[in-house]
Amino acid sequence: MASMFGSSSVAGSRSTARRLCATVVGLTAVVVLGTVSVVTTARPHFYPDDPLWIDNDAVADASSVKAVEDANSYDFVVNTFATPGERRDLRAMNVNTLDEVPNSAWFVNRIGRDAMSIDDVVRGPDRIESISLDGWKVSGGKATGVQPGFRMTDREGHTYQIEFDPPANPELATGAEIIGTAFYHAFGYHTVDVYLAELDPSGLVISDKATYRDRLIGGRKRPFTRSDVDKVLRRAARRADGKYRVLVSRFADGKPLGNFRYYGTRPDDPNDIVPHEHRRELRAARVFGAWLNHDDSRGVNSLDMLVGEQDRRYIKHYMFDFGSIMGSGTVYAQRHRPGNEYILEWKPGWLTLATLGMYARPWTRISYPEVPRAVGRFEADAFEPTSWKPEYPNPAFENMRPEDAFWAARIISRFDDATVRAVVEKARYSDPRATEYMTATLLRRRDKVLRAWLTPINPLVDFSLSASGELTFANAAEQAGVATPPRGYRLQWARFDNLTGIATDAGGETAVGEPRAQAPAALTLPRANADFIQVRVAAIHPDFPSWATPVTVYFRRAGSGWELVGLTR
Amino acid sequence: MKLNRLVPLCLLAMLPFGTVAIAQETREEAQKQQREEKQQTVTPNEPNLLERALKAVETGGIPLITRDGVYAKLGSITTGSGFAYGAGYRSRRLFGSDAALDVWGGASLKGYWAAEARVRFPNLGGGRFLAEGYGRRSEYPQEDYFGLGPDSLRSAQADFQLRAQTIGARAAMRVAPVVSIGGGLEYYEPRVSDGTDKALASIGEQYDEASAPGLSAQPNYLRTIAFVEIDSRQPLNARKGGWYRAELSHYDDRDLSAYSFTRLDVDLRQYVSFLSERRVLMGRVAASTSETASRQQMPFYLMPTLGGNDSLRGYRDYRFRGPHALLLQAEYRFEIWSGLDAALFYDAGKVAMRRADLDLDDLESDYGVGFRFNTDNGIVLRVDAAFGSRDGKHVWIVFGGRF
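Residue numbers (the working numbering), protein chains in the order written: chain X, 1 to 569; chain A, 1 to 403.
If we strip away everything but chain X, and leave its shape as in the complex, we get:
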């Protein structure tokens, strides 16, 4: 080839040169395109838009999805006797390069990423300050769930669900729902707005069009009458003044599609591309569930709603039904087993049978203090966060890894004592002892949760690299008050090749006593020509040997400074 090019050059004609140039361009194009193709296939380690904080799962039109509501029994059977979904020790698949969850139709970063005022946390999803039922009409019955209630429509035509407390435990379920909704909203989940209100049965107006799907007549619709209202009220806690404290839940916007599952993806939803058991926010819901004893956190207590504009619809995923959290069993004080053992767990059952009941499950020995009936059965002494269980196995919970739990625990760490108290006060317990006990118990459980899940892995967070090359970071466990400062830190700096993913050591391991260190000049100076820096940071703590496993952090040059672009724990 070289000789051919040489003889052509000797000829020196323009046309030959053009042809040659065209040939070269063509060959080069093939080579370059081939290179581009290789790059595209291999994918850079970090994309230009990393870290991604918005997962646009409303991008494809999901108008064709059909509503499917799981049967309670199916959810129990499939999760108890089978292992649906993929049980694999796999990093959560929807986290961004900072190991965080981007905003999506499933989750919105709230207290976990941005500071929320106490008022914001307490307000939760509520769109208005308070609700009065004056002028509302009963517009139908409530066909699902065990909690007594019915539907009412306000003057503007918005429909709400009205639910009551059980007579033996006034304020129990309504309080749980109010508190649970505020917490889950602040965590970042989509929830419906709920309010406490007062219902005066003497002024109740029933719409002529009020209907009810009566299961007793095969789910057919029939008129919802005064007699039906009375039947509901007989199952409800009535106050001394003859009125009722009720929970008012606004129906979520959009078209209901049934519930989501904690495994797999919806085959008819084009936006649903991450198996639910590998979604960080669903895996880590186990941590939130443990804190609040949300033993009922299962598929059938979720809600999918079709929202959006014409030809541009998507599914918004809600968590709902918090009436059975903390000490509430919705229509009674929570039983002893929930939170401690699955409904069906073979080993303790066989042990009990074989010993004719001599074997006592540990949770049967938990003693609950005498507390106001609004609290139900809720305690913190015997609570072991890592042993906590929902009603039956949850595929996403089963897949939870330490970094998933750490992520959730860090969110919980943002709830200071005053915030927790303010959320409990939103439940407006008539007995101040209920507020006191509930607050104290939640705080003690919170501290146990933080100890359990902030400390098992290296808890270094908030990494920052200044333009001058100073690295600073913090310790989430220390910040939360569940660990003392480490004795020191070991750092390993490297130049990082974003295309190949290869890290080239730069300067060997260094040790520092404080959570700050200087990056090697060979990496940070402009002439160093390093676009990405990788630093691995281990913490040395005698009580937590696992912290010696380093956190790997990546910075990308951004103008004259450095931008945190990646983190793996």
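Please keep in mind that the hints were generated in silico from the structure rather than gathered at the bench. Where is the CB? At the ideal position from N, CA and C, for every residue including glycine. Treat the hints with caution; some may be incorrect.
Claimed, not checked - Label pairs and their calculated CB-CB ranges:
| # | chain 1 | residue 1 | chain 2 | residue 2 | range |
| --- | --- | --- | --- | --- | --- |
| 1 | X | N72 | A | G388 | 41 to 51 Å |
| 2 | X | L90 | A | G388 | 28 to 38 Å |
| 3 | X | N72 | A | S91 | 24 to 34 Å |
| 4 | A | L248 | X | G157 | 57 to 67 Å |
Unchecked claim - For lysine-lysine, the following DSSO-like pairs were computed, each having C-alpha atoms within a straight-line distance of at most 27 Å:
| # | chain 1 | residue 1 | chain 2 | residue 2 |
| --- | --- | --- | --- | --- |
| 5 | X | K221 | A | K198 |
| 6 | A | K55 | X | K221 |
| 7 | A | K55 | X | K389 |
| 8 | A | K38 | X | K231 |
| 9 | X | K137 | X | K66 |
Said to hold, decoys possible - On the chain X side, residues computed to face chain A include the following (Cβ under 10 Å):
| # | residue |
| --- | --- |
| 10 | V65 |
| 11 | N72 |
| 12 | Y74 |
| 13 | T265 |
| 14 | R428 |
Add chain A to chain X, keeping to what the hints say.
Positioned in the frame of chain X, the structure of chain A alone reads:
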């Protein structure tokens, strides 16, 4: 231009394309592409067979038994009837209110049948009063009879047929949250004849009026009832609390003036739980006694009995019969899993021909083990195996009820 300059220039010209090609690819685009690819392959979210089946059971299967309108009647008609099936019509919104109408008819595999109509007003006066009226017709063709008194023999078993019609009404008032008092009036028309079990002697072949009072003729009765009940069970399928009931009935013979009597039944059950209510001790004392005026007799078919799935479980249904009876039961129940309890039990009791003999001497007894599939409101299925009686082993499979 020299070729050795031209090549690098051409390459240089191409580089921006490559660079641009990389820069335009973003994480967001990559994810969008995945979603667009899935959009090409979306499939309907179709429930599988198991899902459809369980959904059908939830929405259709259970209401088939509990629903309003036409419903299926499954279970038993009376003790010893065997499995029964039938159909009924029920409305819990009679007159547009809480009044309930229930009409049903059913037959068992052993040839028992019954039909009943009942109207209930369970929430009169804001729930303080209950009233009901009912009519019932039944035919039990294989009722067991072993003779009267504590010394009756299993080998003396015969059977009889009991046909009856009843019409009556009851009312109760809740005087305190757990205390109810009430009364009722019934017109009862019993008729006794030979049983249909070919394996057994018929009652007429083996017994007479002396050994089976009331066998020769059966009057119609007007029965008046008064009762008091204290029910503090929690929950209804109790783990703690008590259920105490005393019922006094006077049976007035309206035809023969020979079989009038008064009968008192007392049933006291106490439930004590421990280990978070996952262990329950149940104690029960039930006694029945009767009084007859001179030249009056208590007919055998209205005497209290012992034996069967809810009294002396080591003995057959109605194994002991007499004008007076005493039953003592103790159970230790332990939860294996939610909804399944096991139990160890001991039963003792006796019948007596004289009230003075209603003591703790010479009690018949048995012991055993059982399993209960249950809910808070009652037992779905109970299996009890009883041993230790002089009549051998017995296994009971019982659907429904509370115990």
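Practice prompt. Just pull the numbers of the violated hints for me, sorted ascending.
Written response: 2, 5, 8, 9, 14
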